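**Student:** Residue-level listing of the chains:
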Amino acid sequence: MSQLEIKNLHVSIEDKEILKGLSLTINQGEIHAIMGPNGTGKSTLAYTLMGHPNYTVTEGEIIFKDQNVLELEPDERSRAGIFLAFQYPVAIPGVTVANFLRTALNARRRAVNPEDKGMPILEFRKMLKEKMEMLKMDHAFAGRYLNDGFSGGEKKRAEILQMAALKPEMAILDETDSGLDIDALRIVSEGVNALSGPDLGVLVITHYQRLLNYIKPNFVHIMLDGRIVESGGADLALHLEEQGYDWVREKYEETAEA
Amino acid sequence: MQEKPKVSVTRTRSDSAAKEFSFTAESIPAGGLKDIRARAWDAFIKFSMPITTDEAWRRTDLRFLPAADFKIPKDGAFEDLARVPENLLRPLTGEQHGGQITLLPGGSRVELDPALVSKGVVFTDIHTAEREHAELLNRLIGQVVKPEDGKFAALASALAGNGVLLYVPKNVIVETPLHSILWGPGVDLAHFSHLIVYVEDGASVTYVHEAASPNETGHAMHAGIVEIHVGKDASLRFVELQSWGRHVWNFSHERAHVERGGNLDWIFGAVGSRLTKNFSDLDLAGEGAQGRMSGFYFTDGTQHLDHDTQQNHLAPHTTSDLLFKGALKGKSRSVWQGMIYVAPGAQKTDGYQANRNLVLDDQSRADSIPGLEILADDVRCTHGATVGKLEKEPLFYLKSRGIPQADAERLVVEGFFDPIMQRIPFEGVRERFQQAIQDKLSG
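If you read the sequences in order, they're chains A and B.
Numbering that gives the first Met the number 0 numbers the first residue of the first sequence as 0 and each following residue consecutively.
Numbering that gives the first Met the number 0 numbers the first residue of the second sequence as 0 and each following residue consecutively.
Just chain A, same shape as in the assembly (with noise of 0.2 Å):
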């Protein structure tokens, strides 16, 4: 079983310290959500465990199948089966879909065996069309530059497509539902939805409960100041709704102070 531990994380970025000691595991099969105020620290989390270069671990592990994913450089994380869904996908002008979803699927086949002659094209056509299709997407997006003027919602279709493409052991999903309309916030909670099983841990990263009306947790964990501070079942995220973050707060902050 591939399983996802953190242990005693701490991330800095030019030298302020934003992850003071996180922990958490997710095994395959099991969908995390992690909710909390702006600011405390959760996409720094993402970008972290996806290996962005402007964040530092100061302190902590992260081990995914037995391997020190610290170790790894951001493309050996994607070919180990984590998969990141952008809160601000990147427009790469002059790249289409198409291509760029090949050339990933084709490193991923190089990377095991380099002689590797990639995809053959008519595979990953049918391939591509299935997946758009299941996100209800025009099959003309695939020749289309790669988040180059898409909508909001285009650019978490986009996300959804290639995570269903590249199916990963491993998806953290970051602040996926802002910028969506109630519309495609279904479409992409429905691709999610149909890709998780057995096979595949989900951390969904949220600041809204709304999203988990559709992504249906196992665990919902409270972030605050760098940290996880609750952690419980899915009704922690319906009580966060009606109460709001204050409590926590109130909670954990002043006793942080004392």
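Keep in mind the hints are simulated off the structure, nothing from the lab.
Note that this is a predicted model, so its numbers are computed, not measured.
Incorrect hints may appear among the rest.
Unchecked claim - In silico DSS-like pairs for lysine-lysine, Cα to Cα no more than 27 Å straight-line:
#1 B:169 <-> B:231
#2 B:231 <-> A:19
#3 A:215 <-> A:15
#4 B:328 <-> B:388
#5 A:166 <-> A:215
#6 B:45 <-> B:145
#7 A:166 <-> B:391
#8 B:169 <-> B:18
#9 A:15 <-> B:391
Given the coordinates of chain A, work out where chain B should sit on it, guided by the hints.
**Tutor:** What follows is chain B alone, placed relative to chain A:
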């Protein structure tokens, strides 16, 4: 008032300018072009070597040009030099060409489809043209690019032993593309070339010219002229590729004259040479004339490429569209300086120019200098110039999908060049550019 000590600094001319060439009037080839060659020689000896205080040469320094060392290849010199690689002889714009000319140091080879000969198409080297098409050649040469346009124009005009005359008669449509290769191997040699392309009214042709040489130790130079005439309602697609060896100092003066309703699609690809200074002018001389200029360049090492372009709208309702895109690696440098000129009375013209650069290393540098000079009042002219770096976020994004660093960089660079590729209607030329991107990135 205190008197300052007098300090005088004198700098002799030899410190700031390259040595002069050692060619003499005896270097002028014999043959039917002696009048224009004599005129060009007179112009040449009047020009001093360009220095960086000359506006057009401000960013391109010739102080290290070993001018005095260059000699003109003797007849048959190619027999003792590196041979032209087979891959350069393959067609780039279709299944086969209608004609091919290989220009070599001290020699040339010409092939032309007899069907085109029977239509009156002339596609031959300059020596054959002097013998067999003397009247036509003398009528066309020196009309678009004049020997007086600059020192290197004068030099090439006077001394060019290699060259091409392409003449397409009125209303003749040449279906199969024509191809020429200027192959310039050897060191301490000066290669000169003179291309004359004359497309008569209503005619149409595609022509690809490539200049190339292997990398060698030492120095060599090339000075070339390209003269293009596109007649009324005529159409020319002209591709020129430059892959000179790293030891070559390359200079060219090029100008296209487009008549009423004529259309020129002009594509440049430059990846070679030690130093290049290229003047390319587009004269839209007749009403409704159109010209598109698309440039691809990629420099690395210590290469220096300087492209000077001019879009001259001389008549109403003319359209020009220029896009030059370049990537730079290592300590290389590129210069693009462009000007759109709209003459008085050239109303309803539409001029566009853009130059985009992608600097891949901290030590490489791109200068991008657009310019407009508009003397008519009802025109639309736009321009843009950018110099950007390879950014971290796109690379991280691509890597997060499992794409290794080198492939991620290649994708971003290919994406950057895509707008140029979209403008090139020839698969073979696009492939050549893609290969150049691969080679430069992995080199």
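**Student:** All hints, please: hold or fail.
**Tutor:** To see whether the hints hold, each was checked on the structure:
For the given pair, residue 169 of chain B sits about 10 Å from residue 231 of chain B by alpha-carbon distance, which is consistent with the 27 Å threshold. At most 27 Å may separate the alpha-carbon atoms for a hinted pair to count; residue 231 of chain B and residue 19 of chain A exceed this at roughly 75 Å. A threshold of 27 Å between alpha carbons decides the hint, and for residue 215 of chain A with residue 15 of chain A the separation of about 34 Å lies outside it, so the pair is violated. In summary, the hint linking residue 328 of chain B to residue 388 of chain B is supported, as the alpha carbons are separated by about 11 Å, within the 27 Å threshold.
Of the pairs offered as hints, the one joining residue 166 of chain A and residue 215 of chain A holds, with about 20 Å between alpha carbons and a cut-off of 27 Å not exceeded. Our distance criterion of 27 Å between C-alpha atoms is met by residue 45 of chain B and residue 145 of chain B, whose separation comes to about 14 Å. Pair hint residue 166 of chain A plus residue 391 of chain B holds up; C-alpha atoms about 25 Å apart against a cutoff of 27 Å. In summary, the hint linking residue 169 of chain B to residue 18 of chain B is not supported, as the alpha carbons are separated by about 46 Å, beyond the 27 Å threshold.
At most 27 Å may separate the alpha-carbon atoms for a hinted pair to count; residue 15 of chain A and residue 391 of chain B meet this at roughly 21 Å.
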